[in-house]
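Add chain B to chain A, keeping to what the hints say.
First to last, the sequence lines map onto chains A and B.
Okay, so the first sequence: first residue is 98 according to our numbering, each after it adds one.
Okay, so the second sequence: first residue is 98 according to our numbering, each after it adds one.
Keep in mind that a hint or two might mislead.
Which copy is meant is left open, so a pair is good if it fits within one copy or across any two.
Lysine to aspartate or glutamate pairs mimicking EDC-like chemistry, simulated, CA-CA at most 20 angstroms apart [stated by the list, open to error]: (1) Lys-112 with Asp-292; (2) Lys-196 with Asp-467; (3) Lys-112 with Asp-290; (4) Lys-108 with Asp-290; (5) Lys-108 with Glu-270; (6) Lys-479 with Glu-525; (7) Lys-526 with Asp-373; (8) Lys-479 with Glu-608; (9) Lys-115 with Glu-318.
Worth flagging that the hints you see were computed from the coordinates, not collected in a lab.
There are 2 protein chains.
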Amino acid sequence: MGNYMESYTGKINRKLQKKQRIISVAAGREPADLVLKNAAYVNVFSGELRTADIAVAEGLIVGLGSYQGTEEADMTGKIVCPGFLDAHIHLESALVSPKEFARAVLPHGTTTVITDPHEIANVMGADGIDYMLQATQGLPIDVRFMIPSCVPATPLDEAGANLDYRAIDSFFEHPRVQGLAEMMNYPGIVGGDGDTVAKIVASQTHHKKIDGHAPGLTGKELDAYIAAGVYSDHECADLEDALAKLRRGQFIMIREGTAAKNLEALLPLLSENYYDRCMFCTDDKHPSDLLEKGHIDFIIRKAISLGANPIRTIQVACHHAARYFLLNNRGAIAPGYLADFAVVNNLQDFEVETVYKKGKLVYGNGQVADFAEPEIEPYLQKRAADTFHVAHLTEADFADERLRGVLGLVPGQIVTTDNGYASKIEAEKDILKIAVIERHKNTHHIGIGYVQGYGLQKGAVATSVAHDSHNIIVVGENEADMAEAANRVAALHGGIVVVNGGVVTAEVQLEIAGLMSNAPLVAVNDALEQAKEAAFALGVSRKIDPFMTLSFLSLPVIPALRLTTRGVLDVIKQQYI
Amino acid sequence: MGNYMESYTGKINRKLQKKQRIISVAAGREPADLVLKNAAYVNVFSGELRTADIAVAEGLIVGLGSYQGTEEADMTGKIVCPGFLDAHIHLESALVSPKEFARAVLPHGTTTVITDPHEIANVMGADGIDYMLQATQGLPIDVRFMIPSCVPATPLDEAGANLDYRAIDSFFEHPRVQGLAEMMNYPGIVGGDGDTVAKIVASQTHHKKIDGHAPGLTGKELDAYIAAGVYSDHECADLEDALAKLRRGQFIMIREGTAAKNLEALLPLLSENYYDRCMFCTDDKHPSDLLEKGHIDFIIRKAISLGANPIRTIQVACHHAARYFLLNNRGAIAPGYLADFAVVNNLQDFEVETVYKKGKLVYGNGQVADFAEPEIEPYLQKRAADTFHVAHLTEADFADERLRGVLGLVPGQIVTTDNGYASKIEAEKDILKIAVIERHKNTHHIGIGYVQGYGLQKGAVATSVAHDSHNIIVVGENEADMAEAANRVAALHGGIVVVNGGVVTAEVQLEIAGLMSNAPLVAVNDALEQAKEAAFALGVSRKIDPFMTLSFLSLPVIPALRLTTRGVLDVIKQQYI
Chain A
98 MGNYMESYTG KINRKLQKKQ RIISVAAGRE PADLVLKNAA YVNVFSGELR TADIAVAEGL
158 IVGLGSYQGT EEADMTGKIV CPGFLDAHIH LESALVSPKE FARAVLPHGT TTVITDPHEI
218 ANVMGADGID YMLQATQGLP IDVRFMIPSC VPATPLDEAG ANLDYRAIDS FFEHPRVQGL
278 AEMMNYPGIV GGDGDTVAKI VASQTHHKKI DGHAPGLTGK ELDAYIAAGV YSDHECADLE
338 DALAKLRRGQ FIMIREGTAA KNLEALLPLL SENYYDRCMF CTDDKHPSDL LEKGHIDFII
398 RKAISLGANP IRTIQVACHH AARYFLLNNR GAIAPGYLAD FAVVNNLQDF EVETVYKKGK
458 LVYGNGQVAD FAEPEIEPYL QKRAADTFHV AHLTEADFAD ERLRGVLGLV PGQIVTTDNG
518 YASKIEAEKD ILKIAVIERH KNTHHIGIGY VQGYGLQKGA VATSVAHDSH NIIVVGENEA
578 DMAEAANRVA ALHGGIVVVN GGVVTAEVQL EIAGLMSNAP LVAVNDALEQ AKEAAFALGV
638 SRKIDPFMTL SFLSLPVIPA LRLTTRGVLD VIKQQYI
Chain B
98 MGNYMESYTG KINRKLQKKQ RIISVAAGRE PADLVLKNAA YVNVFSGELR TADIAVAEGL
158 IVGLGSYQGT EEADMTGKIV CPGFLDAHIH LESALVSPKE FARAVLPHGT TTVITDPHEI
218 ANVMGADGID YMLQATQGLP IDVRFMIPSC VPATPLDEAG ANLDYRAIDS FFEHPRVQGL
278 AEMMNYPGIV GGDGDTVAKI VASQTHHKKI DGHAPGLTGK ELDAYIAAGV YSDHECADLE
338 DALAKLRRGQ FIMIREGTAA KNLEALLPLL SENYYDRCMF CTDDKHPSDL LEKGHIDFII
398 RKAISLGANP IRTIQVACHH AARYFLLNNR GAIAPGYLAD FAVVNNLQDF EVETVYKKGK
458 LVYGNGQVAD FAEPEIEPYL QKRAADTFHV AHLTEADFAD ERLRGVLGLV PGQIVTTDNG
518 YASKIEAEKD ILKIAVIERH KNTHHIGIGY VQGYGLQKGA VATSVAHDSH NIIVVGENEA
578 DMAEAANRVA ALHGGIVVVN GGVVTAEVQL EIAGLMSNAP LVAVNDALEQ AKEAAFALGV
638 SRKIDPFMTL SFLSLPVIPA LRLTTRGVLD VIKQQYI
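Excised from the complex, chain A in its bound form (with noise of 0.2 angstroms):
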């Protein structure tokens, strides 16, 4: 159809010869343009495994019973499940285009994601909305939209947008949003934040959802953010805080990602009392995490080796997530239904062999079937590969003699400790200098500081990815390997650089918005690793992770320090030190 403007009858009439067609095959006067034949399959209603010909036509399961079809699979032995849906993620975290992510999770039966691109939109604005919108059109998996709620994540940051209710309003209408993403700034809501609150507003007008944020919020405090309007949590830690929120009507998404891990502490929830109202979710996954573990069948098969009733984890794995975000014909196997399913070896292993997403296959004997990658406009491309606004850098720009605080590194932890001041890298001490660069405007705001426990005794490490401006972070033992590892990752439009003595020794180039790579996830994966060693070599502690354990240090809502483009700043008093 194109750009032509359809009429509404005749979006009837087209419509109404496709279910036509589909009447028509699942009262078996036609056949079936795919059947799983002999399929144990997971009836989601009634919680139990059940025996079918599963018919379907025009990408939807028809019917359920003895059928034939032009195509026939047959299922004896496996078990098919409706595909999975991830209820919370950020898409970038994976540091891949959408388009490999797809052909990263396809293989592990995920066939619908929520995403969130708070990321992107940091960066880019509504455009790196738009940008997600177009690079997820079409793919062989469906991926809907949470629209970013907190960019910037807070006053202090320098992001590339500022986005009120107002810039995020039209993107309700597009039909592959659903809502409102993580309200994050529960203070606001709670304060009555009249800016803050208006964007849940906005989203309640148009019928959308809004998710919530809100790491053990209790009491009033609680109360006040649920009546605002917040309808999911999917921050909570332990069973008391779900129970608290889901008693209040609160939908709780349990989270097992690569930083956050819940699952086991929520475990109770898949009981039968509290399970109708769960889903899962991952939130962000790294490169190698997905490549290891897998993503929402790894949270099934973790569930049930913790003992969980298989069904019902199912049950939470596709159909919960897609009635919270109403999308009604997905997440179980009946007649009307998306022809979405995850084929698996049996319950316990729970290995995905074969994967279909509406009605075709796209997962099968270990290949991820090719598919049309999704158009992106010219305008969208370049704003994305062009997003590092700032002057090239020198030596001079790390050059600082005042007093700055110290950021204490905690081994697999994202908080710091206060380690008091420091005037000058001192690299036999673990002193090694910090700088956050403001790279969307060319502000030439450059923030400096120190930072302890990284271990790094020669060169420098910069990162584009840092959270949630995405500034460009870099740490060194000497300014002028910082200034060219940070102008190097400005010159490959974003990125993650080992610098050396003047030399770039390793580097995983993110081009799209200093976020992403168009190159396959493994490919990425190496590079990263690789990087990684790099890093090491350098005298980086192996107690943690070199890139990610940077990409938190700018974010300022995380005690006890933080180093913004403006300075060192006290996260719990507000102020800068």
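Frame of chain A; chain B shown alone:
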């Protein structure tokens, strides 16, 4: 605001102000409008009774904890339930106006009903739907609509209107319309009939629900019906039928009304595995049944007495229907939900003592609080009061000496038997003349036949409640009284009339479209009981309801014989005899 066209910004600002007050009350910064103190309440999310103060502001529940309010009500010793929902009802069956219906059901804790204005639409077409929308606007119960899918019920009927998908399409944009009402024409759907399927397609295009009506449909036909997009069924009379539909994804409305009573047969659906896919409905509630037994509270009471888990039963009675109809802010007691409460004495007797709607006391101390009556525009008032377009009838109109089929009545059932032919009245053999008089368009179509088993020994009985087209049905021992009774029905602009020897011995005026009275339910019921006695006095068998029995004799979808405006129909063969 009236007709002032609000700007989007203005709308957001007004909602924001209200939302900020809700947050402020929830956070404890200002007093609530109402607090139910020490309330043992049903938590539908965790399936348990919990105790808290329930704080209300701006008509919504805002917090569960310890709260103060400008108004407080002590709930010690009571059980607070969310207000109940009737998932499927034809309001017209109560024979009273919507405002009187509201007065009748509020004492039973009903705060939301989903009505299908099928009867009035068969009389007044789209105007009938508009009439009911206006007659329910702002009532202290929330009346939501499903738009009639089958007007007329069959092509053989002569109704007051013929509604194709275009005729009903604009109603889907009304904020109180939830979808397309019971798709009774399941043969049309299974057969792929374009005009019928188009109604489903249009409703889906508006993202609305489609309710079903398919008693006993099985196998591939059921698959076809559900694949077409029918999401629920309220016609399940046995567990096997219900489970077949539930497993295929339909929601089951457990019906317990005046005519059809399915609760006992479907009680196993209230168990752990199935109850989350179920809700309650009454379909039709006649005046005496409403007055004597109650409404949804009666179903809950009966289910509990039959051994169902009380908490689960209450979940079915409120939250499940709300979720199905995407009324996502009701049917639960939690922050952000409507402050609709039914307060009962205990879970065994389950007597409703107090009812709140949006935080206002609407029933207490045995009294329904006064409320403003909805305004119905003059055009529609006049239209509803003037639905009889039928010439004055005389004895001669009913004179007929041809052989006509004899409809045999079966006490307690609405099916008839084929009792052969007759050519004249023989009261001593209980063979009476029956006529259906087209009354919408003054066509002077009068179908004539005979009926056996009614028992009338003299006079005539006529009614304008005549499913589904609501023409005038009259049965008589002589043609003169038949003419008199039918004329009187028309003169009353609708109702039920008993005549003997040219004299009206009893009548019930139903002046709204010939279906409903503006009088209170108690008054209508009294008149009805008197009319029944008058009919019994003329010899009508006490084994049957004199008017309900008649009202189904023109419905040409129930075997064996029916009478339409065209004559006696063999329903199975779909042939006039």
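Copy assignment of Lys-479 with Glu-608, given that the CA separation must stay at most 20 angstroms:
This pair counts as within: shortest intra-copy Cα distance 11 angstroms, inter-copy 70 angstroms.
20 angstroms Cα cut-off: does Lys-108 pair with Glu-270 within a copy, between copies, both or neither?
Intra 19 angstroms, inter 17 angstroms, cutoff 20 angstroms: intra and inter.
How would you classify Lys-112 and Asp-292 at a CA-CA limit of 20 angstroms: within, between, both, or neither?
Classified as between; 13 angstroms across copies, 41 angstroms inside a copy.
Quick one: Lys-196 to Asp-467, C-alpha cut-off 20 angstroms, is that within a copy, between copies, both, or neither?
within (11 angstroms within a copy, 61 angstroms between copies)
At 20 angstroms max between alpha carbons, let me know whether Lys-108 reaches Asp-290 within a copy, between copies, both or neither.
Only across copies: Lys-108 and Asp-290 sit 17 angstroms apart there, 43 angstroms inside one copy, limit 20 angstroms.
Reference check for the pair Lys-479 and Glu-525, CA-CA at most 20 angstroms: within, between, both, or neither?
neither (44 angstroms within a copy, 94 angstroms between copies)
At 20 angstroms max between alpha carbons, let me know whether Lys-115 reaches Glu-318 within a copy, between copies, both or neither.
between (50 angstroms within a copy, 18 angstroms between copies)
Can you tell me if Lys-112 and Asp-290 fall within 20 angstroms by alpha carbon in one copy, between copies, both or neither?
Between. Shortest inter-copy distance 14 angstroms satisfies the 20 angstroms Cα cut-off; intra-copy 45 angstroms does not.
Can you give me the call for Lys-526 and Asp-373, within, between, both or neither, at a CA distance of at most 20 angstroms?
So Lys-526 and Asp-373 fail the 20 angstroms test inside a copy (53 angstroms) and across (62 angstroms) alike.
In this structure, the hints that do not hold are numbers 6 and 7, in rising order.
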